[in-house]
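Listed below, chain by chain, are the residues.
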Amino acid sequence: MTEPVVDMRGISVEFPGVKALQEVDFRLFPGEVHALMGENGAGKSTLIKALTGVHPLAAGGIHYAGGSVSFGGPAQAQAAGISTVYQEVNLCVNLTVAENILLGREPRKFGRIDGKAMRARAAELLERIGLHIDPGSVLESHPIAVQQLVAIARAVAVDARVLVLDEPTSSLDADEVAELFRIIRVLRDEGVAVLFVSHFLEQVYEISDRMTVLRNGRLVGEYTTSEFSRIELVSAMLGREMGVLEEIERRSGTPGEPWLKAEGLGRKGSVAPFDLEIRAGEVVGLAGLLGSGRTEVARLLFGADKADSGRVLVGGKVVHLRGPRSAIEAGIAFSSEDRKAEGVVADLSVRDNLILALQAARGWMRPVPRKLADELVAKYMEMLDIRPANPEAVVGTLSGGNQQKVLLARWLVTEPKLLILDEPTRGIDVGAKAQIQKLVADLAAEGMAVLFISAELEEVVRIADRVVVMRDRQKVAELDGGAVGVDDVMALIAGGGDHGLDKGAQKAVVS
Amino acid sequence: MSSPAVLRNRLLWPVLALVALLVLNVVVTPSFFSLRLQDGHLFGSLIDILRNGAPTLLIALGMTLVIATRGIDLSVGAVAAIAGAVTCTYIASGGDAWVGMGLALALCAVLGLWNGFLVSVLGIQPIIATLVLMTAGRGIAMLITEGQIVTVDSPTYREVGAGFLVLPIAILISLAVLGLVALVTRKTALGMLIESVGVNPSASRLAGVKARTIIWTVYVFAALCAAVAGLMISSNVSAADANNAGLWIEMDAILAVVIGGTSLAGGRYSLTGTLLGALIIQTLTTTVYTIGIAPEITLVFKAVVVIAVCLMQAPIRIRVRQGVPA
Chain A
3 MTEPVVDMRG ISVEFPGVKA LQEVDFRLFP GEVHALMGEN GAGKSTLIKA
53 LTGVHPLAAG GIHYAGGSVS FGGPAQAQAA GISTVYQEVN LCVNLTVAEN
103 ILLGREPRKF GRIDGKAMRA RAAELLERIG LHIDPGSVLE SHPIAVQQLV
153 AIARAVAVDA RVLVLDEPTS SLDADEVAEL FRIIRVLRDE GVAVLFVSHF
203 LEQVYEISDR MTVLRNGRLV GEYTTSEFSR IELVSAMLGR EMGVLEEIER
253 RSGTPGEPWL KAEGLGRKGS VAPFDLEIRA GEVVGLAGLL GSGRTEVARL
303 LFGADKADSG RVLVGGKVVH LRGPRSAIEA GIAFSSEDRK AEGVVADLSV
353 RDNLILALQA ARGWMRPVPR KLADELVAKY MEMLDIRPAN PEAVVGTLSG
403 GNQQKVLLAR WLVTEPKLLI LDEPTRGIDV GAKAQIQKLV ADLAAEGMAV
453 LFISAELEEV VRIADRVVVM RDRQKVAELD GGAVGVDDVM ALIAGGGDHG
503 LDKGAQKAVV S
Chain B
8 MSSPAVLRNR LLWPVLALVA LLVLNVVVTP SFFSLRLQDG HLFGSLIDIL
58 RNGAPTLLIA LGMTLVIATR GIDLSVGAVA AIAGAVTCTY IASGGDAWVG
108 MGLALALCAV LGLWNGFLVS VLGIQPIIAT LVLMTAGRGI AMLITEGQIV
158 TVDSPTYREV GAGFLVLPIA ILISLAVLGL VALVTRKTAL GMLIESVGVN
208 PSASRLAGVK ARTIIWTVYV FAALCAAVAG LMISSNVSAA DANNAGLWIE
258 MDAILAVVIG GTSLAGGRYS LTGTLLGALI IQTLTTTVYT IGIAPEITLV
308 FKAVVVIAVC LMQAPIRIRV RQGVPA
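So the sequences go chain by chain: A and B. Quick note: the first sequence uses my numbering, first residue 3, plus one each step. Quick note: the second sequence uses my numbering, first residue 8, plus one each step.
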């Protein structure tokens, strides 16, 4: 094999009180796609940030392109040819696509930015990655998935020798992922070394040539993908024999009367009127592509958006969902897909975040007694395995999976009757994912109604008693979980534009 | 990375700045720290600082909570002028001082409701919403006083700004409010909910926090603080000056909050920090006089000290000092 383009040896990174990485070795060769695997908090992001100079090294050294380097920050790393696309899109949504792609490298003419040349250059780069959007359009006007691809276009705009993709696919649908992989392969064949981080095992196996596994800040090993089975990978990541994921069985219990009934609920420009029943003790899965209206359904049921048609009945009585508060009073809880913007209150402690909804329901005059708060925090930290187990820790410093668990706990302490989870397992590791899935099953077994939204069909099919399929902002089908397979759901999601066929499929499953 | 906790404390630099200013004063005026008790009143430079700083401190307390919700209240100076105008006009027309003060507080509470309405219900940006009253408020005060400087002769009223209970009554009021706010925000959940709304309004709304009520509450509180400060200012001179009472005090208050380490971006706030910030600003003003800085460069001197304190607290310095990655 050729010389590695990146060779990191004995890397240790420390934060106050935490050893984030300990003596990790990592090699990246030109022309390979290398997956960096590990649970949340294993040190994947830390390793990337150590490479790009965001985190100072406590020990170890980095060789890049044959020489010893120590970057002062991502800008220096990028100038040297290491481009990074982060998990959360780090672009300026109020600027145009072209401005975002060429930010800081704008073509100039007489000292002024040459708008025409900039759009032309951006169009060229978009063309290279096969994204057909107007470079002059404002980034905000595009869905998150497109924004992510723009971020990648920005990363390849410099002549990168190393492209780091940290969870690039977490907000992309299947077509977009295929598109992204095509781009990755093109770049790989050009000799670019691609470092790829993802929680989707399937994608990792599809795209990567080799992988490095980290666990708890330490190196587990470096493997060739084709010679490393999934079970081996998962047990390397978790450090224990896997079985948890398979353990979750659908209970064939007999849920009672519908707890919540939506009749003709809809909102113009958001989601077409739909009917939906959710029974106590039942997990209803909501499947569909990004933008299919699945999140919008959840927001209407929670009153986060106001419906302009239809009504919602809880226990047979009409409730007016004027906002989240009235939904919460009715016993509905909603955990948003956007953890950062609509979930955690980043600067506050785990304790404050955990009791926030309970506190809000009590009003500011009646604080949750410290003793009760501590008990709740201790209980849920143990139950959900929240790490670090420190109630005072600032939530923003926790890993994504642990933030998600804090959010779940926030709602569980309010003892809701209906729990709406929008993408609760997105961007979190296998271990935490299994824990959350198991929790959902347990909660339903105890009589809670759960509406579970996920882009991962396997997950939806596995844990849901019933699957509701959304397409193009419409509810297109409702499938009984017992008999449903991933392929069935996939077919419904894909649709095909043939109305006759649609109706046939719908009839078949409704009956 | 292993710096001691004291170095990481965000109040370190304000405390050092205050100490430095006090030391500078002692060097220039050796009798600076001397206090004497006369007729049961404490006198001395330090007492003067406390007494003159009382209105700023009070307004800064209200401002702290407003800023914690990502807001800002520019109207406090004008509200202070209105409070003085109402009370003095009422007393001058033969009314009781207590009733006059009550009227002033009630009117200012309404003004706070107005600000809160613009910000929380109509969703106008706080800086613009309160700019309305900042401008209009002086006009309202002028209308009340009919363009005159209304002077009053009420011993009761005079006590608020110039009276003593060993210490000046004004500073006792401000400290009492400080204690009360600390108690109310930290013993109830108000403080946490204010921070929550300030850090992440969308997440707070989805968690069921009554963000609107909370924002409304802090603007009313800020207006009440401004009203009491206005009473102090006007009482101290036994007159209401619609044009000049509380002029630019909103700037001093905002500075006090920022020097105290509360970010204008909202979120975590520090009442102790605000107390320190208010003391620094008042000490600075006093220092300018005691060390004989020419009036022409007074403002420049103030600006230099303020920017020095702010630089010390700048995120980039804190990062370097703590060795914490961005």
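Do not rely on the hints blindly, as some may be mistaken.
[Stated by the list, open to error] Short, incomplete list of chain B residues facing chain A, as computed with Cβ under 10 Å:
{"#": "1", "residue": "ASP55"}
{"#": "2", "residue": "GLY109"}
{"#": "3", "residue": "LEU112"}
{"#": "4", "residue": "SER211"}
{"#": "5", "residue": "GLY215"}
{"#": "6", "residue": "LYS217"}
I should point out that these hints are in silico values taken from the structure, not numbers from a laboratory. Since the model is a prediction, treat every value here as computed from it, not as a measurement. Cβ coordinates follow ideal geometry from the N, Cα and C atoms, glycine included.
So, going through the hints one by one against the coordinates:
Checking B:ASP55 against chain A: minimum C-beta separation of about 38 Å lies over 10 Å; hint violated. Interface restraint check: B:GLY109 against chain A, minimum CB-CB distance 25 Å, threshold 10 Å, status violated. Given hint, B:LEU112 at the interface with chain A, is violated; its Cβ is 22 Å from that chain's nearest Cβ, farther than 10 Å. Satisfaction of the interface hint for B:SER211 is found here, the shortest Cβ-Cβ separation to chain A being roughly 7 Å, below the 10 Å cut-off.
Proximity of B:GLY215 to chain A holds as hinted, the smallest CB-CB distance being about 4 Å (cut-off 10 Å). Below 10 Å, beta-carbon pairs count as interface contacts, and B:LYS217 has one with chain A at about 7 Å; its hint therefore holds.
Checked against the numbered hints given earlier, this structure breaks hints 1, 2 and 3; the rest are met.
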